[in-house]
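With chain A held as given, fit chain B onto it using these hints.
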Amino acid sequence: MYSFRDESMIAIETKTVALFGNPNSGKSSLFNQLTGLRQKVGNFPGVTVDRKVARLQLFDEQEVKLIDFPGTYSIYPNSQDERIVATHLCNPSSEDYPDAVIYVADITHLEKHLLLFTQLRDLGLPILLMLSMNDLAEQEGLVVDVQKLSKVLEVPVLQFDGRAKSQHTELKTTIQNLLNQEPAPTSPLYKPSSEEKTIIQAVRTATEIKSDYHALLLAHHHDWLPNLETSTKNSIQEITEKNDFKSLKHQIQETLNRFDHFSPIVNKVISKKGEDNTITDRLDQILTHRFWGVLIFFALMLLVFQAIFAWASYPMDGIEATFGWLGEQVETMLPDNWFRSLLVDGILAGLAGVLVFIPQIAILFFLIALLEEVGYMARAVFLFDRVMQRFGMNGRSLVALISGGACAIPAIMSTRTISDWKERLITILVTPFISCSARIPVYIVLVAFVVPAGKWLFISWQAWAFMGLYLLGITTALVSAWVLKKVLKAESHSFLMLELPKYRSPRILDVLLTVWDKVKSFILEAGKIILLISIVLWFLASYGPGEEMQLAEQEAIELATQQNLDEQATDNLIAAKKIESSYAGILGKTIEPVIRPLGFDWKIGIALITSFAAREVFVGTMATIYSIGSEEDEYKIQERMAKERHILTGQPVYTLATSLSLLIFYVLAMQCVSTLAVVKKETNSWRWPTIQFVAMTAMAYLGSLLVYQFLG
Amino acid sequence: MKTANHRALFDFKPKEKGTIVAFTDDRIACKMMMMGVRPGATLEFVRRAPFRGGCYIKAGNAAFALRRKEAECILLETKV
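Just so you know, the sequences run in chain order A and B. Read in order, the letters of the first sequence correspond to residues 527 to 1238 in the numbering used here. Read in order, the letters of the second sequence correspond to residues 588 to 667 in the numbering used here.
For reference, chain A alone in the conformation it holds in the complex (with noise of 0.2 Å):
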């Protein structure tokens, strides 16, 4: 009974097997096919790089936890990506520190992804190589004398391709063997340099760290590393000092060394009968062709967007009319009462506010996972790298620019990939200024107001002002980025060396796993705002200060009775008059002379307001305050619009002057909360939101201003 309860207790503990390798090694993948969908995204502590987990169970009843680290060439970084590596390899106390590691390797560059692996081994650490990319190295005819490999290396070696059951048993064995035996003392791969010797020493004898390559990675990290004590930091800086150690000196020296003792014995275990596969090179001729390769990529950006807004139209109709038809539902069966208009107008508006993204969201990432899954999306960078670096940004800022035309919040949360920060700050500043998805209902109703029905070279005016408007956003977007380039002073040492991995046919669980993953942090992130923020308005459009909203409803009454209005007229007119005396009609009321010069009354105040939820409420709220029953007749809404008079004059309110106006308001304003609170998350500031907000909304008001008063 009482050695039962001891082997328990052991079983407790739980042990950290983490994932190792280069990027584009297949690392990802594995990871992918050892946990599927029980893998949790989270972030590194007090960074957002996405760190990946799942409990993994062995054959023993044992259970670990398996961690995916950033891909990364080595144990010296370039990157916030790439730093968690060394900042966690650095720290033995932290929790994430492995116990073992799984280390991926691409079989095909074998002698470049094994220079992380001989680090790693040198810190102490048991070590399983997984060799990756078999069906490549097959079609190659490369092989590799596996035994002969781990005899060198002195690590188990496996080479896995995910399809075979009896390849995970051997895997789950392998990491038990490693996480229940005493390692084998091994002999450190690299030898360091007597000035390195020196250092290392003194580091030990500073800090009391076991390992000699350990102590040297103190020295040349100790001025970043998170986790080191001021002490620790000013003794081994005073080392470093005395010794005149140069870090990136040592690096070179280090790396050249390690290659040159492993470089034989890769040319010893590998052999190769076939020739090089040239389907990549083939494809690459026209895919980074200057100018085919231009074209290709416009072609195909269009085709991603013909996804976002003709297929995922399907799905979004079909969840607005689920969610408009779950309401009537409620209606009918609730008695007529605040609860009731809380769960219609409050949580099941804001909850359809937020489901009805998701299919855009999803076929979108589907469509870029799948363009970085082949190969492509690094293609892409190289072609408009200098293009955007002009701009202040980097190739990579393009994926988040284009994924900016679904929503802006995913689209800034792919912005983690690019190292330099000075780039990643612009590109996430910018991105808000492309025309979002949610943007689009607003265009429609307004554009009738500023162009005529008509036509031009067989395509529709209002589909040229459509485009406009795009191009507004877009250019604003670059000449911003452009200012802020010459403006944001931050010490750049940005880089593009950006491996182009071979072309390769699509592993569908690893796009499928992305989609998964950025839809459920989009719920996560900005869902939950969205909805509280749909409460609160909910809030300030059903109530009003003392007997205001009672008084104003038995007012419409009166006005309905007089004019003999239907009773569907008369609760239209009802809603309108509540809105009016509402705290949402105040607020309106109060922005109304700061709107006024833009040319917009107190109830686009409302509407400006209620914009802040998710843009695209606009409409909603243009349906209510105008009292048409229904919100989803955008055509309606813009007849009723059109009806609208202004009281003292009698002028039509929404004249071009006005409409313009609007729509260059709703390009370039920031109305939207989420995505300023996604901004706060990846800049770690409220600083960055701040301007952020303040800026566009200035550009917006004076954008709107000087059109209105050119045109009014």
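Be careful, since some hints might not be right.
Partner residues aside, some chain A positions facing chain B, computed with beta carbon under 10 Å [what the hints assert, rightly or not]: (1) L641; (2) F817; (3) F865; (4) L909; (5) V913; (6) L1022; (7) M1023; (8) E1025; (9) T1096.
Just so you know, these hints were derived from the structure itself, not from any lab. Just so we're clear, the structure is a prediction, and the values are computed from it rather than from any experiment. We treat Cβ as the ideally placed atom computed from N, Cα and C, and that holds for glycine.
Positioned in the frame of chain A, the structure of chain B alone reads:
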């Protein structure tokens, strides 16, 4: 060190090959080496990027995209 047949990678013509002799910038050198591109390796200049951008290079069976300033700091030796 710089002789007639030591040229920067960026000045190469498409399909031209050379052996790396030196890097003129330590930071870039360090990063290149960590990606497996080191002195003595043979590089092939494959093509230039559009919009007066960087270039597409191959080292063995691996391909890389480099910016102009990155390609300018790699000195190669070509066979005469």
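Right, here's what the structure says about each hint:
Interface hint status for L641/A: upheld, as the beta-carbon distance to the closest one in chain B is roughly 6 Å, under 10 Å. For F817/A, the interface hint holds, since its Cβ comes within 10 Å of a Cβ in chain B; the closest pair sits about 7 Å apart. For F865/A, the interface hint is violated, since its Cβ never comes within 10 Å of a Cβ in chain B; the closest pair sits about 59 Å apart. This hint holds: L909/A has a C-beta 6 Å from the nearest C-beta of chain B, less than the 10 Å allowed.
Annotation: interface hint on V913/A holds; nearest CB of chain B at approximately 5 Å, less than 10 Å. Taking 10 Å as the C-beta contact cut-off toward chain B, the hint placing L1022/A at the interface holds, the least distance being around 4 Å. With 10 Å as the threshold, the beta carbon of M1023/A comes within range of chain B, its nearest partner Cβ sitting at about 6 Å, so the hint holds. Of the supplied interface hints, the one on E1025/A holds, with its beta-carbon coming within about 6 Å of a beta-carbon of chain B, less than 10 Å.
A hinted interface residue such as T1096/A counts as satisfied when its beta carbon comes closer than 10 Å to some beta carbon of chain B; here the least separation is about 63 Å, so the hint is violated.
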